[in-house]
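K.L.:
Model the full assembly from the supplied sequences, consistent with the hints where possible.
Next come the chains, spelled out residue by residue.
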Amino acid sequence: MSNHNQEAPTFLNQYLNGEVLAEEIDDFIDVWHEDPHAQEIYEFLGMTEEEYSLWLRDPDMLPHIARARREGLPLAVVVRTSLESLPIAARAADAAKVRRLIKWLESTGKLD
Amino acid sequence: MKRPEVNLARRVIQKYQLAPPIDVHALASAYATVQILSLPVDLDGASINLKVPRRHPTIVLNHRRPPRRQRFTLAHELGHVLIPWHIGTIADDIDLADDGQDRSYWNLESEANRFAAELLMPDGWVKGQISARSNPGEMVEAVAESADVSSDAALIRVNGLLSPGYIYALIDSDGVVISSGRSNGTLPNRPVWGRRLDEATAFPSSDALWRVRFRDVSCIWWHFPSAMNLRTSQDPREWRQIMDDIFDVLDMDPSTAKKLEQTISGVFGYANSLAGKTTTGRTSTEVQEAVYAASMQRFDSRASEDPSLKAVVTHPDFSSYLTKRVLDLSKKKK
Numbered sequence: 450m451s452n453h454n455q456e457a458p459t460f461l462n463q464y465l466n467g468e469v470l471a472e473e474i475d476d477f478i479d480v481w482h483e484d485p486h487a488q489e490i491y492e493f494l495g496m497t498e499e500e501y502s503l504w505l506r507d508p509d510m511l512p513h514i515a516r517a518r519r520e521g522l523p524l525a526v527v528v529r530t531s532l533e534s535l536p537i538a539a540r541a542a543d544a545a546k547v548r549r550l551i552k553w554l555e556s557t558g559k560l561d
Numbered sequence: 336m337k338r339p340e341v342n343l344a345r346r347v348i349q350k351y352q353l354a355p356p357i358d359v360h361a362l363a364s365a366y367a368t369v370q371i372l373s374l375p376v377d378l379d380g381a382s383i384n385l386k387v388p389r390r391h392p393t394i395v396l397n398h399r400r401p402p403r404r405q406r407f408t409l410a411h412e413l414g415h416v417l418i419p420w421h422i423g424t425i426a427d428d429i430d431l432a433d434d435g436q437d438r439s440y441w442n443l444e445s446e447a448n449r450f451a452a453e454l455l456m457p458d459g460w461v462k463g464q465i466s467a468r469s470n471p472g473e474m475v476e477a478v479a480e481s482a483d484v485s486s487d488a489a490l491i492r493v494n495g496l497l498s499p500g501y502i503y504a505l506i507d508s509d510g511v512v513i514s515s516g517r518s519n520g521t522l523p524n525r526p527v528w529g530r531r532l533d534e535a536t537a538f539p540s541s542d543a544l545w546r547v548r549f550r551d552v553s554c555i556w557w558h559f560p561s562a563m564n565l566r567t568s569q570d571p572r573e574w575r576q577i578m579d580d581i582f583d584v585l586d587m588d589p590s591t592a593k594k595l596e597q598t599i600s601g602v603f604g605y606a607n608s609l610a611g612k613t614t615t616g617r618t619s620t621e622v623q624e625a626v627y628a629a630s631m632q633r634f635d636s637r638a639s640e641d642p643s644l645k646a647v648v649t650h651p652d653f654s655s656y657l658t659k660r661v662l663d664l665s666k667k668k669k
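Protein chains in written order, with the working numbering: chain A, 450 to 561; chain B, 336 to 669.
Note that these hints are calculated values from the structure, not bench results. Backbone N, C-alpha and C fix where the C-beta goes; we use that ideal spot for every residue, glycine too. Treat the hints with caution; some may be incorrect.
[To be verified] Per label pair, the in silico range of CB-to-CB distance:
| # | chain 1 | residue 1 | chain 2 | residue 2 | range |
| --- | --- | --- | --- | --- | --- |
| 1 | A | SER502 | B | VAL547 | 26 to 34 Å |
| 2 | A | LYS559 | B | ARG546 | 43 to 51 Å |
| 3 | A | GLU472 | B | ARG399 | 28 to 36 Å |
| 4 | B | LYS462 | A | GLU489 | 40 to 48 Å |
| 5 | A | LEU522 | B | ILE371 | 51 to 59 Å |
| 6 | B | SER561 | A | GLU533 | 51 to 59 Å |
P.N.:
What follows is the structure, given as structure tokens:
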């Protein structure tokens, strides 16, 4: 791996900056495979070992890894809270409407 | 560096090689289940199960909303789906202006709005629409029609990307301002909402005015020059004397005159700080003309709120006063 590539923005940084989409992580992995001995893959992606191992086990955790980074929170805390109780964001006046809407969507089989 | 959500919209445009009017339904369907339904609640839409492991996100839209509003809402919801830290469920009653009540909720909403605006009306494309026309009302109409967005969304987008020196006001049939705005860097204040406006006399320092229909109301646009020619004055008096004479002619009592003098110096100083500080690459005449224009525009705004100041600013000798003051300042700078 050249110095140029080592200085290039990592996937995670670019993901946080909106410069790449989540699915584009595969393109980065392809690039890493061209020269796998230069750097650990998690370093190449801009992740810690813990973040990479979480992503490897569950790719759906990528946004939560990004959120933990962005908000400067421990990964374990973000993962636990994200999975236990996903937030509902709405205007105060709309919170009850959202709960009604979700119940209605569930009862009519319109939620995936 | 651009905001992440704006970068993200650009990345999507680049990846899928999109151009206005984009097929937002097809795009959103690649990332979420999109349902356009008769909702049992009064909302524009909602994004449900965002970033929930092993769940596909669902976007629901209220089919009772006008089609162009639905398009913006769908682009907004796609923003919630793609922006990594937007998680859970987010309900939307799309308001293009942030009311600032719940900061964390409004941050999410503002990010999704900026994503939607950039996706449907990309920055560079809108600037192309702007530069092809001189009438801002026509710019808004062209953006709304070509991007298939509402007039309100196009107005906010065009106003946000116009060069400094534009103000608009939406006026109802009674002549009352129902909304107004100004492009970034514009010096006069925008018209106050809820007040009656006399469009002909509202901004004497503007150099162009357009009136266009906007939905079912009038939209007035004004343009303000970045420089105004200084009028050659044959008046032998120096600027302080001219002001004293104006106060005398207007029969101002000394305390009002003193207060006005302070206000006038304050407005002039502020205008100079905005228009006269950067002298690099500009001739002294260009700087003088910029300071003069900025001063007149600020005086217009202040005078509309202060009848005593208005009497001074509209006096025939005021332009001689201001010209001499600008020239005097310029001499001191040298």
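K.L.:
Next step is simple, just say for each hint if it's right about the structure.
P.N.:
Hint-by-hint comparison with the structure:
1. Checked against the hint of 26 to 34 Å, the pair SER502/A and VAL547/B fails, with Cβ atoms roughly 59 Å apart.
2. As the Cβ distance of LYS559/A to ARG546/B is approximately 47 Å, the hint placing it in 43 to 51 Å holds.
3. The hint said 28 to 36 Å for the Cβ distance between GLU472/A and ARG399/B, and at roughly 34 Å that hint holds.
4. At roughly 43 Å, the beta carbons of LYS462/B and GLU489/A sit within the given window of 40 to 48 Å.
5. One distance hint, 51 to 59 Å for the beta-carbon pair LEU522/A and ILE371/B, is violated here, with the actual separation near 36 Å.
6. For SER561/B and GLU533/A, the hinted distance range of 51 to 59 Å is satisfied, since their beta carbons lie about 56 Å from each other.
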